[in-house]
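Visitor: Quick note, the sequences are listed as chains A and B, same order.
Here the working numbering runs 90 ahead of the position in the first sequence, where the first position is 1.
Here the working numbering runs 5 ahead of the position in the second sequence, where the first position is 1.
There's no promise every hint is true.
[Said to hold, decoys possible] In silico DSBU-like links for lysine-lysine, alpha-carbon gap of 35 Å or less: (1) 108/B x 161/A; (2) 188/B x 226/A; (3) 161/A x 67/B; (4) 139/A x 67/B.
[What the hints assert, rightly or not] Negatives, chain A to chain B, calculated, CB over 10 Å: (5) 114; (6) 130; (7) 167.
Read the hints as simulated data drawn from the structure, not as lab findings.
Quick caveat, the model's predicted, so the values are computed rather than measured.
Heads up, the beta-carbon is just placed ideally off N, CA and C, and yes, glycines get one too.
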Amino acid sequence: MAFAMRINFVDVVCDNSLKNVFANGKKVGYQFDIRLSYYRGHFLSVIDKLALKVDGEEVPADDISFCLHGKEFGVSQLHDQVSEFWRIIEPATIKVFKNGGIAAGEHDIDVTLMFHSPYMPISDTDYMPIDGCGNKKLTLAEF
Amino acid sequence: MSDIKLGITLYCFTNEYCGDSMTLEDCIRKAKEIGAEGYEIVATQMIPSYPYVSDEFLGEIKAMSAYYDIAPICYSANMDRGMRGDRNLTEDEMLQMAINDVKSANKMGCKVMREQFLLSPAALVKLAPYAEAYDVRVGIEIHNPETPNTPIMRDYLEKIQTSGSKYIGFVPDFGLFATRPNKPMWDEALRAGVPVSILEMARDMRLNDVSWDDAMKKLGEAGATGPAFATAQGMWGFVQFRENCKAELKGLQEIMPYCFHMHGKCHYLSEDLKEASIPYNEIMPVIAESDYKGYIVTEYEDHNSGNAVEMTRRHIAMMKKLLGR
């Protein structure tokens, strides 16, 4: 993608949000929170791309869930969420399926999140692309 | 005889709200402190139950209105035609979205709603009976680079006049009257190391109506780099300017019977209360001498400055001074 607008008031990857996810008492993955990089909220259907690299390694799209309002959506399901509204001051949670969870210590979280601004047409059918990406090192505490 | 009220849009505090340093209540309190008689709210920005107004949120708003003695007076809607990735919303879908917004505006007690131009003139006319029933006047925002004289706005004007409805009209944004380059963007370019000669060259080409393609070419030949092009993009985009705004003020006079809300856009106000690129001293007499009845809300837009509170305060002070209050 060529030019994309960036409007950012807050870190996309939220501090101190990294945790393991448990099922049946065992670690089955991890999660962290992200914020929308813009000045207003959006329906999730405006998201054009969501991808994740952790410690330099691409996470398979099938293993990523986008969680909001007590609901979980796979990356492939986001385009259909035309009534799920992500507020500008509301963190969403990204959950990653990874059997065994993630090790304690520091991890490089690199989120690719591209969306379009649905009221800013750049042609009859295309809208201003917005760069909502974020990168941060998050630490999972030992316990 | 005009009856102008001064308000502010809470959008002025975008940086503070989105960056978590001001809550909605902080924004409302600050609006009151600064001297606003009412406030505008961008629904997609600050209404937690968007696209609806929940009873819980309404209760909070009413409590704050009573406590701070200031109420929402304009519901600012967005027309998200491209909200689906696979296709544009249809006219019917956009009309339904606007009807829902009218209901939300009414629920919050707003008598005015800002709508965006992706809602077609025909759909705006279809919205009129709903606007009337709910007693919410819906105005299409005229935002730079549009002016009251541009073809799309002339189309709205014709449809509004033919409809005979008093409930559909315009919300002019004063950015459309700009006669100088946007100061924050100019200053940012200077900070990024862009030579002033390049900026002046871009400014002069803009004033001479050089096309974007030709301007890009000439700027490139003169050695312009990324930050210079970014500034130029504004000059040919949403912060255009011209030698003077006489034609635009004439256009404003023509649409004035259909105006019931206005955006007092500002990007930078000096200590002696002058807007850097928008000639308020020319705009305000035209409005003051008309029969305009409604709010002019301060809309400060240089979110990254961190100066929103002070700039909003200066803008209100300038408006009072120009209105002789």
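Visitor: Would you mind marking each hint as holding or not holding in the structure?
Guide: To see whether the hints hold, each was checked on the structure:
Pair hint residue 108/B plus residue 161/A holds up; C-alpha atoms about 27 Å apart against a cutoff of 35 Å. Distance check on the hinted pair: residue 188/B and residue 226/A sit about 33 Å apart at the alpha-carbon level, within 35 Å; holds. For the given pair, residue 161/A sits about 30 Å from residue 67/B by alpha-carbon distance, which is consistent with the 35 Å threshold. For a cut-off of 35 Å, the pair hint linking residue 139/A to residue 67/B is broken: about 39 Å separates their Cα positions.
Chain B leaves residue 114/A outside its interface by the beta-carbon criterion, the shortest separation being 35 Å against a cut-off of 10 Å. Not every C-beta of chain B lies more than 10 Å from that of residue 130/A, the closest at about 4 Å, which undercuts listing it as non-interface. Interface exclusion of residue 167/A from chain B stands, the closest Cβ pair being 12 Å apart, more than 10 Å.
Figure legend: structure checked against the earlier numbered hints; hints not met, in rising order: 4, 6.
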